[in-house]
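Protein chains in written order, with the numbering used here: chain A, 148 to 470; chain W, 148 to 470.
Don't read these hints as lab results, they were simulated from the structure. Bear in mind the structure is a predicted one, so any value in this text is a computation, not a measurement. Careful, some of the hints might be misleading.
List of simulated lysine-lysine pairs, BS3-like, C-alpha gap at most 27 Å [what the hints assert, rightly or not]:
(1) W:Lys433 / W:Lys381
(2) A:Lys340 / A:Lys359
(3) A:Lys352 / A:Lys266
(4) A:Lys359 / A:Lys464
(5) A:Lys352 / A:Lys311
(6) A:Lys161 / W:Lys340
(7) W:Lys352 / A:Lys266
(8) W:Lys359 / W:Lys340
(9) A:Lys381 / A:Lys402
(10) A:Lys266 / A:Lys359
(11) A:Lys340 / A:Lys154
(12) W:Lys171 / A:Lys171
(13) W:Lys464 / W:Lys406
(14) W:Lys320 / W:Lys442
(15) A:Lys266 / W:Lys340
(16) W:Lys163 / W:Lys153
(17) A:Lys266 / W:Lys161
(18) W:Lys340 / A:Lys163
(19) W:Lys352 / W:Lys340
(20) A:Lys214 / W:Lys161
(21) A:Lys433 / A:Lys153
(22) A:Lys161 / W:Lys402
(23) W:Lys402 / W:Lys464
Residues from chain W that keep clear of chain A, each with C-beta distances beyond 12 Å, as calculated [said to hold, decoys possible]:
(24) Ala155
(25) Glu172
(26) Arg178
(27) His201
(28) Thr209
(29) Gly216
(30) Glu279
(31) Pro312
(32) Gly313
(33) Asp434
(34) Arg438
(35) Arg441
Every residue gets a Cβ at the ideal spot worked out from N, C-alpha and C, and that includes glycine.
So you can see what is in the structure, the chains are spelled out below.
Number of protein chains: 2
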Amino acid sequence: MVSEYKKAGVDLNKVKEIHDYIAKEISSTYRNVLLGAGHYSGVINFNGVKLALHTDGVGTKTLLALKSGVIESVGIDCVAMNVNDLVSIGAKPLALVDYLAMERPMEDVVRGVMSGLIKGAVESDVEIIGGETAIMRDVINGFDLSCTALGIDVNEIKDGHDVKPGDVVLGLKSNGIHSNGYSLIRKLINDGKLSFNDWKDEIMKPTRIYVKPILSVLNMIKAAAHITGGSFSKLNRVTRYRIELKMPEPQDVFKEIEKAGVPHEEMYRVFNMGIGMVVFTSPEYKDDVIRSIRKFVEVYELGKVSEGNGIIIQTYKNTILHL
Amino acid sequence: MVSEYKKAGVDLNKVKEIHDYIAKEISSTYRNVLLGAGHYSGVINFNGVKLALHTDGVGTKTLLALKSGVIESVGIDCVAMNVNDLVSIGAKPLALVDYLAMERPMEDVVRGVMSGLIKGAVESDVEIIGGETAIMRDVINGFDLSCTALGIDVNEIKDGHDVKPGDVVLGLKSNGIHSNGYSLIRKLINDGKLSFNDWKDEIMKPTRIYVKPILSVLNMIKAAAHITGGSFSKLNRVTRYRIELKMPEPQDVFKEIEKAGVPHEEMYRVFNMGIGMVVFTSPEYKDDVIRSIRKFVEVYELGKVSEGNGIIIQTYKNTILHL
């Protein structure tokens, strides 16, 4: 069966093959690397100081930003996509650079993007220390935006190595769709199955930045997972043990997207379904972690880690999925 | 008069306006920044450790890479564009991440780019600790490649603050066109004024990596300037004093491009004209600096810094240009 996402031009298996090839190739350059490709961020050791670097873009959400005139959101998204991945491995975001490629100089895009980047930077307590703006008429349609963030203070790398059966899995509420799955959303819009006019505000909401809640519980959690491309199917990056989750009711926009023709299971492979960040903690810290995170964002107890393997999801419709 | 580069879709004045706007905006996020936007790299202070970050892409050279099948070069270019800028401010490159955006999964592109990135990384002694590969059919035509590099060991930031009249200006030979001016080159090719078939090998040569020669003279130079977009017209980033340079005979490919219809003066505003990196040193160190650099690459004594201001270039045709 060909997935809706593949029909929209994104073949997740093909992308995974490429990622695996790249991870293997670049590992030939490793000497001081503590965490390399395939993790939420790379970490390198410099004279005992652990430095984390992460790069990510906002995907094709830029096309909807142009269509709606809501540009600022993708600036925030771009910061979020990077700082959320940095805190996922236990690094404190320090600095950021952006790469903005445009088909032609577009002042509204530059202003909107910069405004969003700065809002995101303030929220994450990072400084934007540089960037590149490239005009590439024949390579870019509209604009493409990516960022790279530098993190430090990685006391203990949170790569999930000590996650074990019995650990608790918590979910931090998302702000909406965030920044993944937009090729599929655009296809639904273009096919007339989803009304951009009716759902524009929801679709253009920026990604939530989880820096403050995660840093507040860093010494009490074992791992965190930013829910982005591949969504819950990527939780086995954290642990190979079995993960069983009962998902809450997602925001209405996800139901509307599903109604537009996306299979129920695929929704949980492509979208965050209301949960933008997942944390793993041992039972004795659970209440403290929940209390601390709640000061910043709504948090759900989703489930637990158990013996065996696989990712088992009980959806909001009470369907059981094996991702 | 409309420049050839502007006709090719790149308005350097418009780009400069945007860069200035961005530099002003992002400076609002500065607290620990030692060197911000507008310099070759950003530098931030973390507990007394100076960390440098730089991001840059390879521009529209990717389209010619696809046309010729010479993909590896742009991988090397992308490393070079970043590490050369890092050493320009006196930072030792440590780690790198790449951002590869493609219109569809293209195995030959992934393999070629990775091979080039790894060659560049080995030459610059950096480790590739992560990256992002994005498939964006409706945003990207062909592929776009950018990287971000992290540098450390910035003992003294080489921002040119102590450059003064009497200082000597040296030029390190380029490997060819490197990675700037390709929108103009493609226009000349598309207009039938420049034969890509005849000049493919020269046009697709990778950017020279200057990490080893520059690091070898770091304690003897005051500043270094990577010659990229804007070319020699950007030397006033280093000093506002007058810079007088006598340029050597450039490689044949530059003469061929000029013959294809680019005004002589514009050649020195867009292309490196045979000099990929410029260093500033005081007269007493000149001979030692030249001796040390020569172990790695050909070096020319180009001229000197003097009282007054402006950038005065005596071209290989003995024309005097005020850039």
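Each hint, compared with the structure:
1. W:Lys433 / W:Lys381: 23 Å, holds
2. A:Lys340 / A:Lys359: At roughly 37 Å apart (the allowed maximum being 27 Å), A:Lys359 and A:Lys340 break the hint.
3. A:Lys352 / A:Lys266: Given pair A:Lys352, A:Lys266 holds - Cα atoms ~14 Å apart, limit 27 Å.
4. A:Lys359 / A:Lys464: Not satisfied, since the Cα-Cα distance of roughly 32 Å exceeds 27 Å.
5. A:Lys352 / A:Lys311: 35 Å, violated
6. A:Lys161 / W:Lys340: 40 Å, violated
7. W:Lys352 / A:Lys266: The hint is violated at about 41 Å.
8. W:Lys359 / W:Lys340: Violated, at about 37 Å.
9. A:Lys381 / A:Lys402: Holds: A:Lys381 and A:Lys402 sit about 22 Å apart, inside 27 Å.
10. A:Lys266 / A:Lys359: 14 Å, holds
11. A:Lys340 / A:Lys154: With a Cα-Cα distance of about 14 Å, the restraint between A:Lys340 and A:Lys154 holds, given a limit of 27 Å.
12. W:Lys171 / A:Lys171: 41 Å, violated
13. W:Lys464 / W:Lys406: 13 Å, holds
14. W:Lys320 / W:Lys442: Within the cut-off at roughly 13 Å; holds.
15. A:Lys266 / W:Lys340: Outside the cut-off at roughly 47 Å; violated.
16. W:Lys163 / W:Lys153: Given that 27 Å is the threshold and the Cα spacing comes to 13 Å, the pair holds.
17. A:Lys266 / W:Lys161: Answer holds: A:Lys266 to W:Lys161 is near 25 Å, not above 27 Å.
18. W:Lys340 / A:Lys163: Between W:Lys340 and A:Lys163 the Cα gap is close to 43 Å, so the pair fails against 27 Å, i.e. violated.
19. W:Lys352 / W:Lys340: 20 Å, holds
20. A:Lys214 / W:Lys161: OK: A:Lys214 and W:Lys161 at ~24 Å, within 27 Å.
21. A:Lys433 / A:Lys153: Status violated; Cα separation ~38 Å.
22. A:Lys161 / W:Lys402: Given pair A:Lys161, W:Lys402 is violated - Cα atoms ~44 Å apart, limit 27 Å.
23. W:Lys402 / W:Lys464: 11 Å, holds
24. Ala155: It is violated; W:Ala155 is separated from chain A by about 9 Å at its closest Cβ, not greater than 12 Å.
25. Glu172: 5 Å, violated
26. Arg178: 6 Å, violated
27. His201: Check fails; 6 Å does not lie beyond 12 Å.
28. Thr209: 6 Å, violated
29. Gly216: Consistent with the label, W:Gly216 stays out of reach of chain A, its closest Cβ about 17 Å off (over 12 Å).
30. Glu279: 5 Å, violated
31. Pro312: It holds; W:Pro312 is separated from chain A by about 30 Å at its closest Cβ, greater than 12 Å.
32. Gly313: Given a closest Cβ separation of 31 Å, the condition holds.
33. Asp434: Check passes; 34 Å lies beyond 12 Å.
34. Arg438: Given that every Cβ of chain A is farther than 12 Å from that of W:Arg438, nearest at about 30 Å, it holds.
35. Arg441: Per Cβ check, W:Arg441 is outside 12 Å of chain A; nearest 28 Å; holds.
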